[in-house]
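Residue numbers (UniProt numbering), protein chains in the order written: chain A, 1 to 149; chain H, 1 to 149.
For the record, the hints were derived by calculation from the structure and aren't laboratory data. In this text, all values refer to a predicted model and were calculated from it rather than measured experimentally. Where hints are given, some of them may not hold.
Any copy, or any two copies together, can satisfy a pair, since identical chains are not distinguished.
Unchecked claim - Quick list of in silico lysine to any residue cross-link-like pairs, SDA-like style, CA-CA up to 25 Å: (1) Lys118 <-> Thr47; (2) Lys118 <-> Gly71; (3) Lys24 <-> Leu119; (4) Lys24 <-> Gly70.
There are 2 protein chains.
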Amino acid sequence: MIQVFDDAYFMKKALQEAETAFSKGEIPVGAIIVANNQIIARAHNLTEQLADVTAHAEMQAITAAASFIGGKYLLDCTLYVTLEPCQMCAGALYWSQISKIVFGATDVERGCGALGTKLHPKTKIVGGVLAEESADLMKRFFIEKRNLN
Amino acid sequence: MIQVFDDAYFMKKALQEAETAFSKGEIPVGAIIVANNQIIARAHNLTEQLADVTAHAEMQAITAAASFIGGKYLLDCTLYVTLEPCQMCAGALYWSQISKIVFGATDVERGCGALGTKLHPKTKIVGGVLAEESADLMKRFFIEKRNLN
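Pulled out of the complex, with its shape left as it was, chain A reads as follows:
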């Protein structure tokens, strides 16, 4: 049987969110949250537009998913995010008790892996899904930014 709803399928949706962030001049990171193969939240980084460091894609997705569910725990949910979560976002995911985190590119400097942020024992984490596409988008963004300055 063909697996339509695989990790790459949902990561492509997160990448679309990242592209929307890019088009707004935001660092291009996108996130979606999935429950029962249904996308229940979509978000992209808005830290510049909102002038708010807390407006990472994951943070907004967590809030939106909780609102959809009507409860604060994201049990049986999976977050797809184009870049490895930072300490703040991994810390929020810890509180949410989310089942699974799938990320694209690794953030070797500020990612939760490098910085040892604690995840909830219920949470599995997998990286490297469409990592090249996610990293390429980031590179393209910073090259364009540099050329504009």
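The hints should help you fit chain H onto chain A, whose structure is shown.
Quick look at chain H alone, frame taken from chain A:
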């Protein structure tokens, strides 16, 4: 000269926020952000009311202070919070580049100190200001909760 605006003065304001959280049935944590001896943001934990794990007092205070300032960096600002920040809040404070964090009670299990969350090199952190009052409020809250169940 009498020092009116000392850490205890501002922590009392954060404690008032924590008491408001208590009265709403929220885990009693309060936070304020101060710039030039002026309180520019006040917030208390609202995770239950909003059904949102990201609604910690510090997170809301960061967003409110950035809105007041009109920029996302909280340079020359001090956060007063009744309980040691968790990974999520410390991670957000990292991004904000806040000058100083003053907390009350230590969170030995989930605090940023115990979990080794990285703060920005510009940020100083001090704990133990009105720690007993903060811890007593938490204890009273959990005793009341237990008696209600």
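Hints and how they fare:
1. Lys118 <-> Thr47: both (24 Å within a copy, 20 Å between copies)
2. Lys118 <-> Gly71: Classified as within; 22 Å inside a copy, 30 Å across copies.
3. Lys24 <-> Leu119: For Lys24 and Leu119, neither the intra-copy (31 Å) nor the inter-copy (28 Å) Cα distance is at most 25 Å.
4. Lys24 <-> Gly70: Between. Shortest inter-copy distance 19 Å satisfies the 25 Å Cα cut-off; intra-copy 30 Å does not.
Violated hint: 3 only; the structure is consistent with all others.
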